[in-house]
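Quick mapping for you: the protein sequence lines, in order, are chains A and B.
For the record, in the first sequence the residue sitting at position 360 is 360 according to UniProt numbering, with numbers rising by one throughout.
For the record, in the second sequence the residue sitting at position 224 is 224 according to UniProt numbering, with numbers rising by one throughout.
Any given hint could be a false lead.
Claimed, not checked - The list that follows gives simulated cross-link-like pairs (lysine-lysine, BS3-like), each with its CA atoms no further than 25 angstroms apart: (1) A:K104 with A:K130; (2) B:K209 with B:K198; (3) A:K167 with A:K177; (4) A:K74 with B:K22; (5) A:K281 with A:K249; (6) B:K236 with A:K128; (7) A:K28 with A:K177; (8) A:K281 with A:K261; (9) B:K209 with A:K104; (10) A:K74 with B:K236; (11) A:K128 with A:K104; (12) A:K104 with B:K236; (13) A:K104 with A:K74; (14) B:K198 with A:K130; (15) A:K261 with A:K249; (16) B:K144 with A:K128; (17) A:K74 with A:K28; (18) A:K130 with B:K236.
To be verified - Across the chosen pairs, the derived CB separations fall in these ranges: (19) A:K128 with B:R297: 21 to 31 angstroms; (20) A:E27 with B:R108: 55 to 65 angstroms; (21) A:N68 with B:L224: 43 to 53 angstroms; (22) B:L142 with A:A132: 45 to 55 angstroms; (23) A:S56 with B:R220: 34 to 44 angstroms; (24) B:A207 with A:E15: 22 to 32 angstroms.
As the list claims (entries may be wrong) - Under 8 angstroms between C-beta atoms, here's a sample of chain A residues computed to sit facing chain B: (25) F3; (26) A50; (27) L70; (28) P72; (29) S73; (30) A78; (31) F81; (32) A85; (33) S89; (34) P106; (35) V283; (36) M284.
In case anyone wonders, no lab produced these hints; they're calculated from the structure.
Built from N, CA and C at the ideal position, the CB exists for glycine as well.
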Amino acid sequence: MSFLHIHHVHKRFGETHVLKGVDIEIEKGDFLVLVGPSGCGKSTLLNMIAGLDSISEGELRLDGQRINELHPSKRDIAMVFQSYALYPSMTVAGNIGFGLEMRKVPRAGRRAAIQRVAELLQIENLLKRKPAQLSGGQRQRVAMGRALVRDPQLFLFDEPLSNLDAKLRVDMRTEIKQLHQRLGTTIVYVTHDQIEAMTLATRIAVMRAGELQQLGTPQSVYDDPNNLFVAGFMGSPSMNLVPARIAEKAGALVALIETEKATLALPIVRDRQALTDWCDKAVMLGLRPEAITDPASANRDGGEIFEADLEVDLVEPTGADLYVVTRLGGTNVNARMRPGSPPQSGTQTRFAFDVSRMVAFDPDSEARIRDRASVGSAPLASSA
Amino acid sequence: MSDTASPHGKGVRERLQHWLPKLVLSPSCVLILFFVYGFIAWTSYISFSDSGMMPDYAWAGLRQWSRLWSSWTWGIALHNIWVFGLLYIVSCTVLGLLLAILLDQRIRAEGALRTIYLYPMALSFIVTGTAWQWFLNPGLGLEKTMHDLGWESFSFNWLIDANMAIYTVVIAAVWQATGFVMAMFLAGLRGIDGEMIKAAQIDGAPAWKIYARIIIPQLRPVFLSAIVVLAHLAIKSFDLIVAMTGGGPGNATAVPATFMYSYAFSRNEMGIAAASAVFMLAVIAALIIPYLYSELREPRS
Ligand SMILES: Nc1ncnc2c1ncn2[C@@H]1O[C@H](COP(=O)(O)OP(=O)(O)OP(=O)(O)O)[C@@H](O)[C@H]1O
Ligand SMILES: [Mg+2]
């Protein structure tokens, strides 16, 4: 039995149908990250778990118990808000202890709990200050302290880092991950930053327009996306999506891609069964930038490498990596190469394609074309 | 503008731009200096003179001030303004806050109710005073209506009762200003972060505790503004009392403003009147100046 079970949950605000039947299950100790573009219903779902919004249809179960009708204070959850929502008239200690005070914890017990959390978050020296006298990062810690002090069954975070500057965001991200590993808490975390999602999550739920697109481990969502949306949303720089045709050549299945000079024939090794039905039809191929490299840095142990000479359009060094842009099938394609000796733009250079990582999508329905056996995560019953 | 403009022309235009705002503002500046601050100075001087019906510039030291403080009517006026001001400020603040909290519960007719409560503020004190004078007049208003309806024993004659008349003024003044205070509190309530209230709900605070511990403490600046506005309205309350009771019965509802008016214009004691006016100014200044100072400074800190 799963720890948190979101079962066919719908949300309607009058006429607008915001959540259209979301199903998510996680285990105790999981770190679930809800990602998706703005307005897709992440905060709404989180508020429903917290009990701040009513559930129009469906069921929420926490540790086997139905919590649909339970008041927020009775659900044994804590929430960290995007604006931190600290009480400005109370000190930091008052803020952290407020929940305990409302639960009638005696003063001595409260003080000990506040002290313990303050030590954990290294904010002991701030306990007497008011929120207005804190920096953004310190407020963030206090907001987390307020959640941690009650030791709840479930933590909810609604974009807790989006108000911090880039550097602090990375630091706090690491700290949240360490806290999770140390305390073994169960967390539901909302963000629209897919790097945050990848680094923190044990499970990612990608949402779009009130529907769950994919639920799985970060790696499965990254390597094995359910549809074009997930493929394009996760990863930075994003997955290359190239129009191609499936054909049979010398008894083997290939994907034909038009380039300026010639037609590239990439051998198909993944989802071969499913793609046989797509012979002579157009598909959309997805290849991560790191699956297109220079021949020397290609991954030859696990992967299956196909090499071709292509014209270099543009070279973009980032320091750690070198992104080389070329044109395939009429679109720009990013390849990740070693920064050592960059090719000149306008010249021909050799590219190595790791075709074992190539995925294909139906260009009309945008769904993934995959073999039944290779389904890595629960397939999505799309209603659209 | 091109770089080739002659240095002379540029200088004239710049100087004009520099001086124009000062030129435009200076007449009103002079007028205000004269008619406000000039007369304040003049009144202050008169309070140290021997003036009776007409101004008399002979220096009389503190004579008018000591006559003021030994005046029986001035004592009543001070007592009344104290009672009136305290009841007025406390009732308006409490009722205004309650109404604002009720209206903040996202009820449907909010727009209409807000207008209804706010409307009395649009009336002048004279209209309010006259209306309430009719309404509370035993021969005309509430009492007569009740008698006409057959409730013969009903009696409400505070307006003509020397001990109670000041409370009728309080009722009328509260009726007028409560809506305004409510609007101030409502604006304050609307400015409170919704996530904070959600956080308090998750923390397990019942609604009244959320108000008492989290929301109302954040309305402190609104309380301050409301109290300062009400306090200076109370001290200036002249027209309302004139329209409702004329300071009577007897001197029962005299306040410093009516005291000043009657000494200046019907009792021909300009010196005492000036002293009472300066005293009122000093009290208002003691309230308003620190308030303005803190309000105008705050955004910068
Ligand atoms: N009280 C409400 N009444 C009507 N519509 C609402 C209400 N609250 C949210 N919505 C709508 O529900 C949708 C989802 O909102 P939600 O706040 O959950 O988005 P989100 O995924 O958290 O977006 P963001 O990343 O911008 O925070 C939005 O289209 C929003 O307009
Ligand atoms: Mg949101």
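Check: Which of the stated hints cannot be reconciled with the structure, identified by number in ascending sequence?
Finding: Those not satisfied are hints 4, 6, 10, 12, 16, 18, 20, 25, 27, 34, 35 and 36.
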